[in-house]
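Asks: Those sequence lines, one after another, are chains A and B.
Under my numbering, the residues of the first sequence are numbered 1 to 340, in order.
Under my numbering, the residues of the second sequence are numbered 1 to 1189, in order.
A few of these clues could be false.
Claimed, not checked - Just the calculated beta-carbon pair ranges, DEER-fashion:
no.	chain 1	residue 1	chain 2	residue 2	range
1	A	D300	B	Q1165	36 to 46 angstroms
2	B	Q1165	A	A191	42 to 52 angstroms
3	B	P638	A	L146	52 to 62 angstroms
4	B	K622	A	D208	48 to 58 angstroms
5	B	Q604	A	G131	13 to 23 angstroms
6	B	D689	A	P243	52 to 62 angstroms
7	B	Q604	A	A191	48 to 58 angstroms
8	A	E167	B	Q1165	33 to 43 angstroms
9	A	Q219	B	E801	40 to 50 angstroms
10	A	E167	B	G516	54 to 64 angstroms
11	A	Q214	B	E801	29 to 39 angstroms
12	B	D689	A	D208	27 to 37 angstroms
13	A	T285	B	Q1165	18 to 28 angstroms
14	B	K736	A	L211	20 to 30 angstroms
Unchecked claim - Non-contacting residues of chain B with respect to chain A, defined by C-beta distances greater than 10 angstroms in every case (computed):
no.	residue
15	A198
16	I812
17	H1178
If you're looking for bench data, these hints aren't it; they were derived computationally from the structure.
For every residue, glycine included, the Cβ atom is placed at its ideal position computed from N, Cα and C.
Now for the letters of each chain:
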Amino acid sequence: MSAVDLTTRYLGLDLTSPLIAAASPLSRSLDNARQLEDAGAGALVMYSLFEEELTHQENATARFMIDQGIGFGEADSFLPFHDSAFQHGLEQYLDQVRTLKQALTIPVIASLNGVSLDGWIEHGRLLCEAGADALELNVYHLASDLDESGEAVERRYLELLTALKAEVTVPVAMKLSPYFSSPGHFIRRLAEAKADGVVLFNRFYQPDIDLDHQQVVSQLSRSRPDEIRLALRWLALLYRKTPLTLAGVGGVHSGADALKLLLAGADAVQLCSALLVQGPEYLATVKQQLVEQLALFDSDCLADVIGRFSQRQCHSPEVFERANYIHLIDSYNPAAGVHL
Amino acid sequence: MSERITLDGNEAVARVAYALNEVIAIYPITPASSMGEWSDQWAAQGRPNLFGAVPSVVEMQSEAGAAGALHGALQNGALATTFTASQGLLLMIPNMYKIAGELTPLVIHVSARTIATHALSIFGDHSDVMAVRATGFAMLAANSVQEVHDFALISQAVSLTSRVPFVHFFDGFRTSHEIATLDTLSPETLSALIDLDAIHAHRRRALTPENPVLRGSAQNPDVFFQAQEAVNPYYQALPGLVQQAFDRFAELTGRHYHLFDYIGSEQARRVLVLMGSGAETGEETVREWVEDGEPVGLIKVRLYRPFSAQDLIAALPETTEAIAVLDRCKEPGADGEPLYKDVLTALAQHQAGTAPKFSQMPKVIGGRYGLSSKEFTPAMVKAVFDELNAEQPKNGFTIGIADDVSGSSLNFDASYRSRAALSAFNALFYGLGSDGTVSANKNAIKIIGNLTDKYAQGYFVYDSKKSGAMTVSHLRFGDAPIRSSYLIGEGDAQFIACHQPSFLERHALLDKAAPGAVFLLNSQEPEGEVWHSLPRATQQAIIDKNIRLYVLDAYAIAQRLGLGRLINTVMQAGFFALSDVLPKEQALTAIKQAVQKSYAKAGQRIVEANIAAIDAAVAALKEIPVPDKADNDFDLTPPVPDSAPEFIRNITGEIMAGRGDTLPVSAFAADGTFPTGTAQWDKRNLALDIPVWETDLCTQCGKCVFVCPHSVIRSKLFKPEAMADAPPTFKHTPVKSKAFTGLEISYQVAPEDCTGCTLCVDVCPIRDRENPERKALNMRPQAPLREQERANWDFFLKLPEPDRHLLHANKIPEAMHFQPLFEFPSACVGCGETPYIRLASQLFGERMVVANATGCSSIYGGNLPTTPWSKNAEGRGPAWSNSLFEDNAEFGLGFRVAINQQRLFAEHLLEQLQDDIGRETVAAIIDAPQTDEAEIFEQRQRVAALKQRLEGRNDAVSRQLLEVIDTLIKRSVWIIGGDGWGYDIGFGGLDHVLASGLDVNILLLDTEVYSNTGGQTSKATPRGAIAKFSAAGKATPKKDLARLAMDYEQVYVAQVAFGAKDAHTLRAFLEAESYPGVSLIIAYSPCIAHGVDLSRNLKQQNLAVRSGHWPLLRFDPRRVSQGHNPMQLDSAKPSIPFRDFALTEARFNMLARTHPQASEKFMQQCQQEVEARYRHYHLLAEDLKERES
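Next up, chain B with everything else stripped away, as it sits in the complex (with noise of 0.2 angstroms):
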């Protein structure tokens, strides 16, 4: 039986493909994931299949191995797929001929996303199908979740009747990511279309010794051509096939399908083509049009490839007289993109044929939407039916954007409306990333998707940042299927709920609100003082508007009932009993049933505190009284203050506003190239508490400093002499140390840019004796010292950076006072992983260039709109880049050989001006040791003189000097990135980097998991901990990445854990960029995905360590040359079970939850495990100091 159910697109994928087939073979790929995660979770429950077997879910090391998997699963006679997107589909190319080539069945599910070209991009758009549309695949696009559900299943029947293997492909994130409600296929209609003779006739094609074959040979020009051709009757035959499954499906279902499907008009002059969810947004355009009696159609490409030039041309009304094609993707160079060219010579090969359909060819422009998730509205479908009236309509246009260099753009009136917009009910929500509200919306919809004939949709927006995000969650519900797949607008929302009432004093909420609406507030002010919270412009919007206003103190209610900061039930609350959509008790009784489901696994305590929660939110509820006008006198704050510089003013301010939409074409550098240290500008103010410092404990040691993720606590050394300006409550103290004796100490916080994740009070070693609660460091709640530690920061910032050479960077205090050139990532507050890179910066960063892995450290790093990279007051930092997830190796790699290549020219050139500019300075150029501080301060003044020397001269020798002589400076190579990147997709590289001898630093930010797409299971993942893609706890030991370094005998490996040994982690990242060939540091970084508080970063490292999970160690092959053991274990034989170091995190403790046999075997095959790991690297340690003896 079909039901009616609300999920998203995803989802709607999986259960098909899930039903469809044996073996699925996966990796994550944002938006592609929960895909396989969801094949994953139903495999590990053992849910059949429709053949009822329980498919196998295997995961790959990369998107090539999952193809490759694929490949050889089919080749077997299984039915098998995958899920993927974006670069996952590009690595698949290779197979993917093969695939085609030899007929095989397969459906590859794309939640299309766009490909990386001058920036990466996680949302959707066809660059990724394009880019395969040559591989011989057929290729079927579904424009709504309704259309996966089912074109997943067509794509599966009619694959396995036509042997021709399929991309099924949707919007990534706008239909992938799309909650919306849909009619089921029941396993009767899946049945009834999949062909069980096909299935029969796929599995007798297998490889099987019963029968051998051979498939795959090479061949000579003599027959390749021809024995490729031999496949062109089964392309033939394919949209035959595709329109009969879509008839037969239409008998099952009611729902019909064509190849193209027109909409519209049958006298329609003009006509848009295009496909994906932008057709969506077109139907629901023209429909209302041709209500109005305008002759205007649309069509619907369903089956691209093949592309049936036939079925398009029968599509088309005969009175067309104007085409424009819409592309969701740029080819940049040609004179079109794909869909446009394809429609153009279908039209025109038509036309020339014998029976012409149009009385004269039609004009036909192609022009590009919606890249990278923009959105597409009725607006620009009405600006482009606009453009077709034109004598000359413009070709190759773009619309959704101003481009301002090329004239490209299209205008359109972004205050156009369709009906169907303003006809659903429509709210939007602002909620902070982890306070529920996405999950609270996700229920709703649900909630009322599933309680009523209405028909619902959600979509949801994030920034990029992972701590203090801000979600806005878009909700429609409608009497009719709704196909706005675009935002709520401006002026649109009858209902908007402010979650986090820090947001109000930045973002404009009410722009989207309607005249009418309600705004519910979650407010911590009096009842009295609520209006006065509110800037100026939102009580004018409120007035204007005639908003009804609403409060609630959702925070209070939440901690009164022990659920802390989750207010998503407390909101949820609010919203029914405010909105209409839901008689209110019937809502209110629905929302208590969707918490007992939804908490009733963490039991009864917790699902009664959220059911209190419901009743108390309803009885908090107060409407606020609005006055005639608006009485305050402060205002929204401006994204950037007015010092900002320009581009920080124009471009990143404008992005972090939510205005980036607004942006020209000539804001961009035509290279995507960005302008580092713009972090600083984002002042997000997250941290309820700040650290404070008392000076009179303090013992300088400069811990905090060393484990702030997010280098918010910094140290300096100054004269006192500088203390003359300084703001009153500016904070310093001699100094203990005696080698700076007459310097004072300050240890100042950045209060605005601090997150609040208290690690630095944790690690803090002092406390007063007389008062053991107050120790050196200790948190005070930020709003009151906001101002004056403002003041602070600011003065801390202009005082000098201390001489570096002066310092000892192998001290932890003095170290500290080294300028970080990494600064306020938008990590997760409390990151692991980012004090590492933070110690890298402060130790090399003025010489530093990073190859960034794609992951967490590159989204945090290097996302829009700002970036924690950051230059000293004389402009220098890392230079950073991020090219691949699976090449960051061989990137890395690719700069060393780069640098050392220009040196050698540098030093070659110098040679030639030796007569010039004096021998001694060449040799001492070339010669120059630069082995610490003081030596490359040294070198840097030589190359400083030289080139003042050289300014002005016009000989070559000299001009090309110039444009190489800085890398005479020794330079510091660092690639960085994750587990998933350096143990998985780009081990090959990574190994073949190791191997190469080239001095690079490797810095391997182990979580243990893929943490950037949520938490999917890696080679680094350990036995027994559950991750996505090991629902049942991954029954492999984790991979020991630092003995098969090791191996080579000539990489510097460094296995590290700072919160468990801090002078350890500085140690090894001395060594490592000391040493002159492959360095790799392996760093312990814990993760909000192992299910813990990352406020006990530190003690689970500390933990990690002492159970033996993770071996300090360093193995320096200088050391044998100094006739030591190069191996050094540097932690204490473990001390603690495993046991008790597991069992502090989730996703070790869960797993004895839904497996508790196989949890506790696989906690003593652990305790096994560390203690023989430990064994191995002792007896290795002490082996070779026998030998030495």
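Extracted from the complex, chain A is given alone in its bound form (with noise of 0.2 angstroms):
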């Protein structure tokens, strides 16, 4: 296993193995942070800070924590409220940057996602300031009004990027939803604006329809290995067109999955549901598993065959853009080279 090379760089940065654990709550305890930096993570990306939850803690603090009392003679508070042994979400954070940093040897890259551009650039600088080693941007918004158009969201995206670029010194990624009219073109843009990679793709909550309880709910389902195949097409249009690094999240439970979306073209890959479901060690067996599936394209190294099944490189370039019934109408085409 040794004898195999899997380094790669990613962000700029030179990590031992294309396998990074996603943003989850695994980064908030330092063992499970260590566990998986023992079964080989080649980089940790913390649990993402929502400035939204951080107001919304902070409001929840001063109301019910602070400004507890209700004018009742027998109860002037409710909850306890350990001044000292407090700590502001932000803080926490912070804490657990240096924590990590600390302790562990591979590179923590932060996750931040902001409301305001204030609150992302004062957060992106106090993480920097905290040791992380890179920020990816937990970009998501739902662009449900129906006033605003795609460009007027990828402006916000582009001007939050030159802006925190202008703060900090770290690398940036964009953590990207797959919602983009024409996402190869925002990715070229981002480029300019001089991010450093983009993770391809995020996953949100969804909504659904309690049918028992006549409601509506929403929740945060894990991923499924077959979702890999959505970053998959994105990477192998995307390699080699831009100069940034790019990384794969998405349904990656097994090295096989890992492996398809670095011969898709991706720099790493992330890996979320299959460590929140196995914890922090299942990362050594996909690790072991891709070294075995790398064996299969008798490479020793991963860099050789990154990119291998991209558009660019591989054998059928069409395939990646093709719907499916296309697909089948294209079968008729006669081979090029066939006079008809």
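Using the hints, build the complex out of the two chains.
Replies: In structure tokens:
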């Protein structure tokens, strides 16, 4: 296993392995983080710091912890409030960055989600100061406002990236949703705005209708292996067409899944659901599977196979651009060079 | 190093007790709870005690349990303590005898509180401590916040050296909750006074197998007596040891104490004797009189047990001619209260001795004062001294009340003031419970106490309501120590602030204003309209007293800065800007620093908003010119309308108006009985918005009525002709249900009783398709609707109630037409408990008797002035009583046994009369099935007819039968209480009742904490939640009470959550009540202690059920005989992660802020537990099904 070279370069960082622990609650625990490193993670993306959540926490802290009184003689408060032990969510996150940085040798990538531009910038700066090796911007935005154009959405992201890059020195990755009219074009613009990489793709809470309770519910379900195909297509399409380093995420449950994304063109892959279900040590299994799968390609160096099945390098580049029924029609076309 | 700080009495005690102990056994009880809470908090923070160890703080299931744990800890060599009061202390009595009998060093710190007699009271007097004076504990009385701090040390020091355990007591609320400036005891002082050798000796007496002994033997008549007398030398030595400790303490701190401290003239002829905070008022008054040359004096009793008669005599001046001894307790039937009798005995024995000190035996009279924190003022001190001038002064007097029944009371001149009271700067603040007024004032006291040399005092008066409560903050600042242990009186306040403009309507806020006072009003009126918004009497008071009127629109500022309705910072800035207690700039800087400190943990954004609020407040302050004449034609609204019944006008209304102190003894029934149906008279107008019904959209599902926590939205069916006199805006529409074709229906809101909680709108399932914002119920501003809807409500009430037996109780729309006989409780806005109680009252109210455990439900259910328990048009309704916290299941079982017994007796008597009234009639009555509304109705008719026949008959059988005849109508016994009762303190009794098989219905309102006392952990608290006493998150899972109850196999058990499945709740209530054995309904009740706004009450219930935290189930033993599985799991497999429920509540999510790793671990454990519990329940149900097949 050690003979195989799994090193890769992502966001300008040299990783010992392309397997990155994606943003998840696992990074809240130092023990879990250490296990991930021991299992062979190339880097660790921390759980996301949500500005919206911080704001909510601040309001809840003021309302439920500091201003508890209801003017009742028997009870001037209800929840114990430990002033000295209590940490603001931001402070806690920064502490965790420092703790992880101190304990781990692999890069620690902080994940960030903001609401206001000021929030993004301020938090990004603090995360860098705390020692984060890179920032992953968890830029989810559901364009539910019918007055907002796609151009406006993209502009907002670009403004954010530009402003943040002016403030921080560490590499910045954009974790994108798949909902762009022209993802490739947008990613090119991100590159122009000095992004260092993109992570494809973010997954979201999806609403559902609970018929038993007759209500709309929303929750994040864990990924399934077949979900890698979405990222696979776009990694393959983007490989070598953008200067950005690429990470695939969503549905990686085995070494085979990981390898597919790497073959499509990812510089690294991120795992989340599999680790949440199987535990952090499962990453070692995935790594072992990856090595075994690499052997099928007669390769002991990961760099050799990255992008081997990208659109640029594969034998059927058109397959990445086709939808189903076109595929059927297309099969009637004669081979190039055949004169009808 | 000692430092001067401001603290309340309980924290002042807890700091010392925590520092000097290793094991702290606690249980919540007002007003002692916060001492345990501080201890738990410090332990969770890892704060070491004086000896460098972090004490173990253990919460027990009751005070009896705490005492047992203490006893065990002490026997095993630990330094241990506890904090308690009132009934809690009573529960410790058996162990106290043991602990004292074994000469065990211990201090129990008691914030002395009234013992419940004719009524419960959370307030202060000495009835509890006087009840333990025979236990063998020494008793040391502290009178002020400084003294409780000092005596916590002294009692512990002497207990160790003397081996005699101590009760260290001080007045509940007046001292325990007073915030005052004090000099702290340094660790060096603590160390200097605590004798390490005594600690070592205590440890050497511990039980150990290395040196085994036996303690706690059983003894026979031959030796018990002598063996008990063996302790005498220890008690004889004790007064000397206490004085030695006092003297050593004085060397260390400069504060001098004596067993009996005498204050006053060396030539005093009249002397008062008392202990507790009243002695401070006494001292304040006596010192001034002595300055004025009056020969009077005062004895402050410090060490009450052992009572050192010789030290008392030594403390009294030789010139003493008359002594009044004041007891803060009542011993009915005794010829005097305890302290009086001790003093009298001491004097009599002394004078009968060989060298009497006094030329003749002084006159000694005793009297009662200050029961349940009744005010004790310099005017009352004067009245007692004046009485001592009488030739035959009244003995057994009362002071502070008007006793027009027994004539015991002394008159007093309420206008009398001490100079000290007037020399301080007195400020009064009227606030709304949740607007932050009290916390702002606590801050203000700390700012002034900490930044200046001034002495500060703060005391806070609350009404007993949990929603819309009025708080009155009494703040004093002075250059000398403040001994005024009484409220700011009429005409004494130089500053008055009204933080809630609606108080102006009903309260004479300026009665307490001094001439030239400043009145700061939070008002949303435009500047030019403020004067005209004041009732005429208020205007007149401003003119007469030359009051300067200032106004601030605090709500607008708070709203603008994102602070919601929290106006604490704004109004505090107003106070400092207008009062001269501190230079304005210094004051504003200080509040900003305080805000920075208070809100730092909430983040810079919120700090900045509060700081901006300070500047905005100062900028917005406006002085309103005061005209020469009062010109308004409206005046203060009377508390109740003239149309109210006499009792309501004369008694209830007076209490509501804050004039309860003036009611004489004759106003009250001697046995504590009150009429029900009185909450309807307390129109509190709390809601800013109220629901408005849209007849066109409504499907008449009744869900809004079902969820209403305050019974303010009602439905009724009636004939169209009833609308002839309807007010023009009264809404009604034809009923949709085919069963009632031809009738009209109305959903009507009580506009002045609604609290604006929005749950009815939240539950309303119907939206306008054209305008989805519009539901069949929508919140609209109350003010413009108030008059119109008041008329509509009155009209609605007059409509006849529908025939109960025509309605199907198992259908929500129809069941909701039943009249609630529990209405307008003063529970929290959006309370999770009250809908269950209301539902029971609707279904069974007219034949319901309720045993109610002490807790939230007994407070919103039974705290004066009014009660939500009410009656129907026939005068029938729930009869309600509260016994104790710990005995409620047994209390309710007693109800059932008594009813059954009387029913049997009635049947026996009936049978004796059968030749007379007819065999068939008797059989019809005795055999009446009474299984549904119709059958109960028929039985009621039969009994009524029989009563009519028996009226006027003089034979013994008929007369006896008439007294018990009503028990022939089925009675529904309800045992209601919270989880603190059912899971913890009352669990033994509950368990016994579960096993009894008797026909009682237990409604356990599970808020998963002790809600009433402020959110302490119970065994119902879930793992991973923070609660008081579980500051680091509860590490153990919630007790599964349903499972325990089901194990009896003969108990009907239901676990319900109306916000998740209302029809299930309804069905469970009907099944439970109809089950002819014990029924237990465990009802999920969201509470403000969960750290979530109760407008989310229903959503939280839903999340609790869907996450598997609260499975819905019913276990009906009747089903077995029908060939069915008794167990029915009524909720689906958990469909959302536990985390998605838990993290919506601060009780869970705040743990991640303090203990992130533990929080994460708990979340994972909880997830496993909900899944395992679901599997278990599912298997239980499935297994039995298989067994059937």
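Asks: Looking only at beta-carbon atoms, does the pair A/E167, B/Q1165 fall within the given range of 33 to 43 angstroms?
Replies: For A/E167 and B/Q1165 the Cβ distance comes to about 41 angstroms; the hint holds.
Asks: Does the Cβ distance between B/D689 and A/D208 fall inside 27 to 37 angstroms?
Replies: holds (32 angstroms)
Asks: Between B/Q604 and A/A191, does the C-beta distance stay in 48 to 58 angstroms?
Replies: violated (35 angstroms)
Asks: Holds or violated: is the Cβ of B/I812 farther than 10 angstroms from all Cβ atoms of chain A?
Replies: holds (15 angstroms)
Asks: Can the suggested window of 36 to 46 angstroms be confirmed for the beta-carbon pair A/D300 and B/Q1165?
Replies: Holds: the Cβ-Cβ distance is about 44 angstroms, inside 36 to 46 angstroms.
Asks: Quick check: does the Cβ-Cβ distance between A/E167 and B/G516 fall within 54 to 64 angstroms?
Replies: Taking Cβ atoms as reference, A/E167 and B/G516 lie about 58 angstroms apart, which means the hint holds.
Asks: Should the hint that A/Q219 and B/E801 are 40 to 50 angstroms apart at their CB atoms be regarded as holding?
Replies: Hint holds: Cβ distance 46 angstroms, inside 40 to 50 angstroms.
Asks: At the C-beta level, are B/Q604 and A/G131 separated by a distance inside 13 to 23 angstroms?
Replies: holds (22 angstroms)
Asks: Taking the CB of A/Q214 and the CB of B/E801, does the distance hold inside 29 to 39 angstroms?
Replies: holds (32 angstroms)
Asks: That 20 to 30 angstroms hint for B/K736 and A/L211 (C-beta), does it hold up?
Replies: holds (25 angstroms)
Asks: Taking the CB of B/K622 and the CB of A/D208, does the distance hold inside 48 to 58 angstroms?
Replies: 55 angstroms Cβ-Cβ, so the 48 to 58 angstroms window holds.
Asks: Between the beta carbons of A/T285 and B/Q1165, is the distance compatible with 18 to 28 angstroms?
Replies: holds (25 angstroms)
When the structure is compared with the earlier hints, a violation turns up for hint 7 alone.
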